[in-house]
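Protein chains: 2
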Amino acid sequence: MSSSAVAYARQNQRRFLEELKGLLRIPSISTLAEHKRDVEKAANYVAAELGRIGMENVSVISTPGHPLIYADWLHAPGAPTGICYAHYDVQPPDPLGEWISPPFEPAERDDNLYARGAADDKGQLWMEVKAVEALMRAHNGKLPINVKFLLEGEEEVGGESIAAFVRKEKTKLKADFALVCDTELFAPDLPTLCVGLRGLVYTEIEAIGPKTDLHSGMYGGAAPNPFFALIQIISRLKDEKGFILIPDFYHGVKPPGAEELEAWSRLPFDEEDYRKAEIGSNALWGEPGFSVLYRTWARPTLDVHGMPGGFTAKGAKTVIPARARAKISMRLVPDQDPDDIAERYTSYVQKLAPRGVECNVKIWSKALPCLVPTDNKYVSAATEALGEVFHKDTVFIRSGGSIPIVSDFQDMLNIPSLMMGFGLPDDNLHAPNEKFHIPNFHRGIESICLLFEKLGASS
Amino acid sequence: MSSSAVAYARQNQRRFLEELKGLLRIPSISTLAEHKRDVEKAANYVAAELGRIGMENVSVISTPGHPLIYADWLHAPGAPTGICYAHYDVQPPDPLGEWISPPFEPAERDDNLYARGAADDKGQLWMEVKAVEALMRAHNGKLPINVKFLLEGEEEVGGESIAAFVRKEKTKLKADFALVCDTELFAPDLPTLCVGLRGLVYTEIEAIGPKTDLHSGMYGGAAPNPFFALIQIISRLKDEKGFILIPDFYHGVKPPGAEELEAWSRLPFDEEDYRKAEIGSNALWGEPGFSVLYRTWARPTLDVHGMPGGFTAKGAKTVIPARARAKISMRLVPDQDPDDIAERYTSYVQKLAPRGVECNVKIWSKALPCLVPTDNKYVSAATEALGEVFHKDTVFIRSGGSIPIVSDFQDMLNIPSLMMGFGLPDDNLHAPNEKFHIPNFHRGIESICLLFEKLGASS
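Quick note, the sequences are listed as chains D and C, same order. Note that the numbering used here has the first sequence beginning at 10, numbered continuously upward. Note that the numbering used here has the second sequence beginning at 10, numbered continuously upward.
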């Protein structure tokens with residue numbers, strides 16, 4: 010580790026962290042229309058920093074949704090070109106009351122930085138930016154490889170704009186690999202590359218019963234209740250064991266190979282510890298016959314996220330609501346096709362709708378599941394770099410989440426992604442008290458520095 | 010109709026209506042803690058008016074919940090004593106966006122008065138007060154019978170305080186009959202007495218899964234989802250035909266007699282018209298083999314009113330929530346026992362809770378179902394009075410709603426209730442755009458004047 014970039018990064022740790030806090034203070038919640046300006050503000054914050062550190066052609070690109078950020082530095086002839094991807098948008102912070110410190114006022118406690126977006130994904134975005142800064146400063150304003158930044162503000166809402174951009178701008182985005190920092194270490198101190206992601210179909214069913222809210226005393230027994238329609242439908246989408254009942258839903262599912270399964274079984278993972286530490290329920294849940302890692306990485310699932318409508322305040326109101334809704338998503342695995350699943354789902358839901366209730370299905374977003382290849386020099390360099398920072402062998406895992414851009418890079422630019430993330434399993438992504446382990450923020454910066462230096466040296 | 014009280018009432022119609030608007034402007038929503046002061050304010054508004062018109066011993070009585078109002082005038086020796094009951098609390102007005110004019114700014118449109126509480130029950134409470142005023146003024150400060158007012162502010166939240174008061178104050182409340190104005194005409198211009206009410210058990214299930222909200226990508230397939238637990242449970246509470254599956258739920262159900270059923274079949278009622286005009290859904294719903302009137306008056310039901318929890322804003326959030334809730338109520342019929350049903354329900358729900366999810370059941374309120382006797386002089390006088398005002402024969406119906414005080418009067422004071430109400434089936438009780446047909450407000454006042462005069466004359 011005689012890297013001068015790493016030395017520079019170490020000298021500037023405190024400043025890097027304070028700058029990240031500035032980004033975390035901007036509530037760039039992409040799914041809430043009232044935060045549109047904040048998402049823009051976050052984009053401008055990041056773009057300004059890219060310019061300051063020496064990236065060129067920095068641009069904040071308007072889209073029908075939230076802006077993309079592009080920047081490049083292409084003065085390393087003969088060296089490979091990498092696209093640095095991350096996202097600067099975040100999930101909503103509710104339920105607000107469960108946060109120990111406010112979600113948009115970053116707070117340090119016990120070596121952790123608490124804030125919405127700390128790990129997902131502003132902290133990891135900032136690692137990429139700061140690694141490039143360290144490389145520039147340590148190498149007299151030059152980078153060891155060619156770098157393009159492509160950062161988005163719609164990851165939490167389906168990432169449609171970046172997908173369209175990648176499809177349109179194949180030449181501008183020509184590259185050899187992508188660095189995607191939006192995943193986590195399998196365990197603290199265990200260097201990890203993620204090689205598989207689940208896909209997603211996020212839906213909302215609106216059930217419409219009476220023309221107006223009705224008194225359940227007067228009308229109970231005659232008026233169709235839209236909540237009951239939703240309950241009937243949802244109870245038939247998935248059985249009690251977790252098996253999804255949509256016809257032909259499992260058609261495309263390709264099980265992991267024996268070698269991959271065997272590698273998973275060697276990972277340091279105890280289901281009972283996981284239940285206690287991460288879930289906290291009195292039992293785990295899911296399809297019998299599959300391990301937790303198998304279920305969350307390589308089996309599709311269906312979850313209900315919320316059921317708006319009717320009376321939800323404290324107390325009692327005897328109403329049969331005119332309408333009710335259910336937010337339902339499915340996680341998909343290779344080789345399920347989101348378009349096909351969305352269609353099967355919609356027509357099955359329509360078929361299940363009981364008489365008296367009209368059901369409309371909206372598809373909020375879709376993402377392809379994917380597996381990335383591991384037999385290339387980018388993966389080799391990454392495992393070497395991680396080995397030097399962590400002093401351990403890198404493990405290959407999958408993630409149950411969805412990062413749609415990884416499939417886009419694979420399908421449209423024909424390049425592999427290095428999913429090299431530094432979150433931890435207990436970082437509370439999408440939940441109250443999201444955090445980022447501060448030492449991992451710095452290790453992430455150092456790992457990226459070493460990765461780029463190795464790729465530059467070998468070219 | 011040579012009643013001088015009726016003549017007085019007619020001369021004062023406009024003032025009576027304007028005074029009612031003053032009461033309707035007070036948002037006395039009993040189920041919302043933040044409106045506690047408004048409920049008190051409404052109580053004081055009514056009490057002040059009772060004093061002004063000449064009632065004696067007017068008192069606003071504090072309770073653990075909302076205040077009761079008592080007043081009496083007992084200077085008609087030999088004449089019967091009637092208790093005037095009504096309630097001055099109202100349901101929450103949400104969804105606010107669906108109101109054409111604001112719920113607490115009474116607005117006259119097409120002979121209707123629109124406001125939350127217009128028909129349920131402030132408008133009908135005010136009929137009682139104004140009838141007594143008219144009688145006092147027309148009879149030189151005297152009433153034809155002895156009158157006690159007992160008005161409550163907790164009808165919409167279960168009426169526990171009035172029940173306790175009636176149980177404790179049997180002597181103070183000694184009377185011969187009660188006049189309960191909180192029901193409706195079966196059809197416009199058709200004088201109606203209600204002789205049966207459904208009971209109620211209002212519950213809330215809280216389902217607790219993970220210790221905190223979790224990302225459905227990372228944890229979907231392993232973490233128990235509390236919404237799914239609720240959906241599983243609720244789908245087993247009632248089948249798709251409307252039959253309730255709680256063990257022994259129908260044990261106490263006593264079907265109406267052949268004569269009553271026959272009378273219902275003669276009522277001017279068309280199920281298809283009802284579907285279109287009142288429900289507005291593309292089909293009616295409920296147990297096959299029972300008519301709409303049978304289902305809503307004499308069959309128990311179970312409804313879901315809201316399912317708070319998780320993500321309910323616009324857009325997509327991929328969360329497995331730590332907890333979710335379901336507000337569920339059952340309407341009961343004679344002779345089902347609310348205590349018994351609440352117990353059976355609770356233990357059945359607990360049994361249905363799937364592994365991994367803890368379910369807590371809260372009972373918000375209970376009300377006895379009841380049937381009132383019709384073979385007494387109070388019913389005879391009421392049908393005569395109604396006949397003179399409406400020029401039609403009175404029909405006897407039941408109501409699907411719950412008015413717990415009617416059973417309390419029957420069980421604890423041993424007196425029959427005259428459920429003489431003047432709402433209309435399309436008054437949007439508990440819903441947006443609640444209204445009261447203004448001519449019915451005045452007919453109500455006149456009917457009460459005549460009823461009391463007849464009872465006074467016959468004694």
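Worth flagging that the hints you see were computed from the coordinates, not collected in a lab. Please read these numbers as outputs of a predicted model, since none were measured by experiment. Treat the hints loosely; a few may be bogus.
Keeping only pairs whose Cα atoms sit at most 27 Å apart, straight-line, the calculated DSS-like set for lysine-lysine is [said to hold, decoys possible]:
| no. | chain 1 | residue 1 | chain 2 | residue 2 |
| --- | --- | --- | --- | --- |
| 1 | C | LYS45 | D | LYS323 |
| 2 | D | LYS360 | D | LYS220 |
| 3 | C | LYS323 | D | LYS285 |
| 4 | C | LYS360 | D | LYS323 |
| 5 | D | LYS323 | C | LYS50 |
| 6 | D | LYS323 | C | LYS323 |
| 7 | C | LYS250 | D | LYS323 |
| 8 | D | LYS360 | C | LYS285 |
| 9 | D | LYS220 | C | LYS181 |
| 10 | C | LYS323 | D | LYS45 |
| 11 | D | LYS360 | C | LYS250 |
Simulated DEER-style distance windows between Cβ atoms [claimed, not checked]:
| no. | chain 1 | residue 1 | chain 2 | residue 2 | range |
| --- | --- | --- | --- | --- | --- |
| 12 | D | GLU281 | C | LYS371 | 49 to 59 Å |
| 13 | C | LYS371 | D | ARG364 | 26 to 36 Å |
| 14 | D | GLY289 | C | SER71 | 24 to 34 Å |
| 15 | D | ARG364 | C | SER468 | 50 to 60 Å |
| 16 | C | GLY106 | D | GLU107 | 20 to 30 Å |
| 17 | D | GLU281 | C | LYS50 | 49 to 59 Å |
| 18 | D | ASP248 | C | LEU276 | 38 to 48 Å |
| 19 | D | GLU107 | C | SER71 | 30 to 40 Å |
| 20 | C | HIS400 | D | LYS360 | 45 to 55 Å |
| 21 | C | ALA286 | D | SER68 | 54 to 64 Å |
| 22 | C | GLU281 | D | GLU281 | 31 to 41 Å |
| 23 | C | ALA286 | D | GLU107 | 38 to 48 Å |
| 24 | C | ALA267 | D | ASP349 | 35 to 45 Å |
Glycine residues also receive a C-beta, built at the ideal position from the N, C-alpha and C atoms.
Hints versus structure:
A threshold of 27 Å between alpha carbons decides the hint, and for LYS45 (chain C) with LYS323 (chain D) the separation of about 14 Å falls inside it, so the pair holds. A hinted pair counts as satisfied when its Cα atoms are at most 27 Å apart, and LYS360 (chain D) with LYS220 (chain D) qualifies at roughly 22 Å. A hinted pair counts as satisfied when its Cα atoms are at most 27 Å apart, and LYS323 (chain C) with LYS285 (chain D) does not qualify at roughly 33 Å. Distance check on the hinted pair: LYS360 (chain C) and LYS323 (chain D) sit about 25 Å apart at the alpha-carbon level, within 27 Å; holds.
Our distance criterion of 27 Å between C-alpha atoms is met by LYS323 (chain D) and LYS50 (chain C), whose separation comes to about 22 Å. With a CA separation close to 22 Å, the supplied pair LYS323 (chain D) and LYS323 (chain C) stays within the 27 Å bound. Of the pairs offered as hints, the one joining LYS250 (chain C) and LYS323 (chain D) is violated, with about 30 Å between alpha carbons and a cut-off of 27 Å exceeded. Restraint check for LYS360 (chain D) and LYS285 (chain C): the C-alpha separation of about 24 Å stays at or below 27 Å, so the hint holds.
For the given pair, LYS220 (chain D) sits about 46 Å from LYS181 (chain C) by alpha-carbon distance, which is inconsistent with the 27 Å threshold. With a C-alpha separation of about 14 Å, the suggested pairing of LYS323 (chain C) with LYS45 (chain D) holds against the 27 Å cut-off. Straight-line distance between C-alpha atoms of LYS360 (chain D) and LYS250 (chain C) comes to about 17 Å, which keeps the hinted pair within the 27 Å bound. The supplied range of 49 to 59 Å is broken by GLU281 (chain D) and LYS371 (chain C), whose beta-carbon atoms lie about 32 Å from each other.
For the pair LYS371 (chain C) and ARG364 (chain D), the beta carbons lie near 32 Å from each other, so the given range of 26 to 36 Å is met. For the pair GLY289 (chain D) and SER71 (chain C), the supplied restraint of 24 to 34 Å is violated, since their beta-carbon distance comes to about 43 Å. Between ARG364 (chain D) and SER468 (chain C) the C-beta distance comes to about 55 Å, which sits within the given range of 50 to 60 Å. At roughly 29 Å, the beta carbons of GLY106 (chain C) and GLU107 (chain D) sit within the given window of 20 to 30 Å.
For the hinted restraint 49 to 59 Å between GLU281 (chain D) and LYS50 (chain C), the CB-CB distance of approximately 57 Å keeps it satisfied. Roughly 45 Å separates the CB atoms of ASP248 (chain D) and LEU276 (chain C), a value that falls within the hinted 38 to 48 Å. Checked against the given bound of 30 to 40 Å, the beta carbons of GLU107 (chain D) and SER71 (chain C), roughly 36 Å apart, stay inside it. Range check, HIS400 (chain C) to LYS360 (chain D): about 53 Å between beta-carbon atoms, so the 45 to 55 Å window is met.
In this structure the hint that ALA286 (chain C) and SER68 (chain D) lie 54 to 64 Å apart at CB holds, the actual value being about 60 Å. Checked against the hint of 31 to 41 Å, the pair GLU281 (chain C) and GLU281 (chain D) fails, with Cβ atoms roughly 59 Å apart. Our hint of 38 to 48 Å for ALA286 (chain C) and GLU107 (chain D) holds, since their Cβ atoms are close to 46 Å apart. At about 58 Å, the CB distance of ALA267 (chain C) to ASP349 (chain D) disagrees with the hint of 35 to 45 Å.
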